[in-house]
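Colleague: The chain contents come next:
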Amino acid sequence: MHEWALSDSVAAAALEVKTGQNLKTVDEITVVLGAVQDIAAAAFAEIFDEVKKNYRGIENARLIIETEPAEFICLKCGNTFGLEREKLDHETGEAIHFLPEMAKLYIKCGKCNSPDFKITRGRGVYIKEIKGGK
Amino acid sequence: MHEWALSDSVAAAALEVKTGQNLKTVDEITVVLGAVQDIAAAAFAEIFDEVKKNYRGIENARLIIETEPAEFICLKCGNTFGLEREKLDHETGEAIHFLPEMAKLYIKCGKCNSPDFKITRGRGVYIKEIKGGK
Amino acid sequence: MDIKLNMDPKISAVQGRLAGVKRIIAISGFKGGVGKSSAACVMALLLAEHGKKTGLMDLDFNGACDDIILGLGAQFPQEIEGLEPPLINGVKFMTPAFFAQNKAVNLRGEEITAAILELLAVTRWQQLDYLILDMPPGFGDAALDIIRFIPRCETLLVRAPSALSQNILAKTEAALLDFGVKILGELQNMSLDAIRYDEGLEAAYGKPQELLKTQFAADLEREMKKLGL
Amino acid sequence: MDIKLNMDPKISAVQGRLAGVKRIIAISGFKGGVGKSSAACVMALLLAEHGKKTGLMDLDFNGACDDIILGLGAQFPQEIEGLEPPLINGVKFMTPAFFAQNKAVNLRGEEITAAILELLAVTRWQQLDYLILDMPPGFGDAALDIIRFIPRCETLLVRAPSALSQNILAKTEAALLDFGVKILGELQNMSLDAIRYDEGLEAAYGKPQELLKTQFAADLEREMKKLGL
Ligand SMILES: Nc1ncnc2c1ncn2[C@@H]1O[C@H](COP(=O)(O)OP(=O)(O)O)[C@@H](O)[C@H]1O
Ligand SMILES: Nc1ncnc2c1ncn2[C@@H]1O[C@H](COP(=O)(O)OP(=O)(O)O)[C@@H](O)[C@H]1O
Ligand SMILES: [Mg+2]
Ligand SMILES: [Mg+2]
Ligand SMILES: [Mg+2]
Ligand SMILES: [Mg+2]
Ligand code: NI
Ligand code: NI
Ligand SMILES: [Zn+2]
Ligand SMILES: [Zn+2]
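Protein chains in written order, with our numbering: chain A, 38 to 171; chain B, 38 to 171; chain C, 3 to 231; chain D, 3 to 231.
Among the clues, some could well be false.
Interface residues of chain B toward chain D, partial, derived using beta-carbon atoms under 10 Å [unchecked claim]:
#1 Ile110
#2 Leu112
#3 Lys113
#4 Asn116
#5 Lys148
#6 Asn150
Keeping only pairs whose Cα atoms sit at most 30 Å apart, straight-line, the calculated DSSO-like set for lysine-lysine is [stated by the list, open to error]:
#7 A:Lys168 - D:Lys24
#8 D:Lys173 - C:Lys105
#9 D:Lys227 - C:Lys6
#10 D:Lys54 - D:Lys173
#11 C:Lys54 - C:Lys173
#12 D:Lys6 - A:Lys155
#13 A:Lys113 - C:Lys6
#14 D:Lys209 - A:Lys90
#15 D:Lys105 - C:Lys173
#16 D:Lys24 - A:Lys148
#17 C:Lys105 - A:Lys113
It is worth saying that the hints were derived from the structure and are not from the lab.
Using N, Cα and C, we set each Cβ at its ideal position, and we do this for glycine too.
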């Protein structure tokens, strides 16, 4: 699964924070998964529990997953709108799953029909919080 | 003076806000002038008092000018730094006065020497607040 | 009533600043090296030669070269109610090169957007029959911004015979139509029955009068007539 | 200790994901149409032919065309601990075209940055002798991002004889040195004493085996040897 690489990134990033902040251990990592990329939280968590074993000091970190809805803003008319994934065919859904920005090739503003919009929320994976011991 | 066009933009923008918000009059406009572009506040205000006469409903607006220091962030090392205008020769100062982004061609991060940075504060002119009557 | 904002006033100025300009034509092609800049410069020179009030704006920030094609010397815009573009052989000319001191322009897309907006807000074109915009390759920030800030802009596509150019152009035409852009037409460059390959073109760079005498200019003039220019 | 963040984990993954790659070479030139993509594709094919483990990544989002040059069919990356690039004639190949369904890619600079980072973080190159990056024209987001995310990347400049290409290249070389980028060397394209103009090149697009038989490939191979590749 392609999620493997993203889950692994979280562990690598946590290790970086641990080193940068001189933590002894990382105990908890809160990640946010955005609805545009549409990553399966369960699979992501399962993979994380595998990959964290490869990162010293992260092995015991608990992963907390939050989700964030998709939000786009139209640069032409200012309309904000969401992503209706169920309307996408499989190939298009996959394209956006791999590269969220590609949504711009397949979706238009529901109000003015412009394809010139920006993802403002829910793009992909980011780390929101890390708890650790000194 | 090139400031004329920017001062005139503020009046045009205020008119747009007036129309959009159904104001009867615009009474006060607060603009922020950024140190990167280095616009002379006195000249800007003086020009504004001339150009506002061309915009109906803006004629009596008072202009309040605030200034914002320059702030850059280095995308390589994360260092934040300011602009030392006094170190620039005249031609370079003018280039940045006309197109603030051109600072990237002439300045480097003081810490890591990278030319890859971003303007985070004090770029140019923006409107911060408009007061008006309904 | 007290309205808190974080508003860029320049966006509101663009329309007014271009009010005296009758037609705005973006020379696009979306593949690099197909002849957009050569066509944009020579077209502007030809229009001026025909007595049309003409402006030319180089919007290829990362690869601006109209200054070299036109042979820009020490000319620089004058500060008169904004920036008044200097006249090069009758063409009012604006380019980021004025501010780049012959350095590579290492701006990112969002910086190019800000700089384009700045130039649109301060450049004093006054009355023009034609404003020609020389576009960078690719459907990136500059192309999107021109569609956004100047919706009435027409697009003239430059096509070269290469397979790669054709492919990219076909995709782009579809996208432009999606954006509701008015496509003025196409210029077939380096093609035997439109604008031919001209061995003498490069030697004429930097000399507007020489450029006007090239086979390239003669071919372009004929194609322009077909497009009603 | 409780640390609030807004951290993109992908940045931390790049180095590890490229750990098995011995050399990373960006094919740049900063002017469009000088032959960067043709050189990048044929170079990758030649390296693979010589038994080197080779990857090729098209980073010209707005004008990707390596898929056409190489003749990509229905191949698509496999989801194995990331995205595993398909093999085209022995070259591991990654391109935004996989996700674009033959549409024009209308992404802005900051979106390209995000997409490049995404691809760098998920592409599973494994062990490679060479990873070739085909760069877009211009010193914009992609060029800046590669310098930022892959500081060890070497740059190979493609030069064409035109005055415009020379001018832009000279500026860019100065800027690259400013950035501390390692310049591997230069390829003189469409030049009599390096890579000659090859009438047969276009006809070989889409057919890797044919591409390897072109005069272009033979010339490029000779130039590569001079550069120790
Ligand atoms: N019809 C032509 N005849 C000869 N050379 C041409 C012709 N059109 C373009 N060129 C050359 O091709 C190169 C790219 O042209 P340019 O106008 O810079 O294209 P673009 O702006 O699309 O990148 C230049 O060196 C130019 O001199
Ligand atoms: N040595 C060459 N001989 C013949 N045609 C060439 C040669 N080099 C490049 N070309 C042609 O020039 C055009 C631009 O080449 P391309 O590789 O796409 O350049 P870039 O990636 O720099 O834009 C293509 O149509 C290509 O076939
Ligand atoms: Mg589809
Ligand atoms: Mg100087
Ligand atoms: Mg050009
Ligand atoms: Mg290319
Ligand atoms: Ni996946
Ligand atoms: Ni000024
Ligand atoms: Zn809209
Ligand atoms: Zn720095």
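Colleague: Need the list of violated hint numbers for this structure, in ascending order.
Modeller: Violated hints (numbers, rising): 1, 4, 5, 7, 9, 10, 11, 14, 16, 17; every other hint is consistent with the structure.
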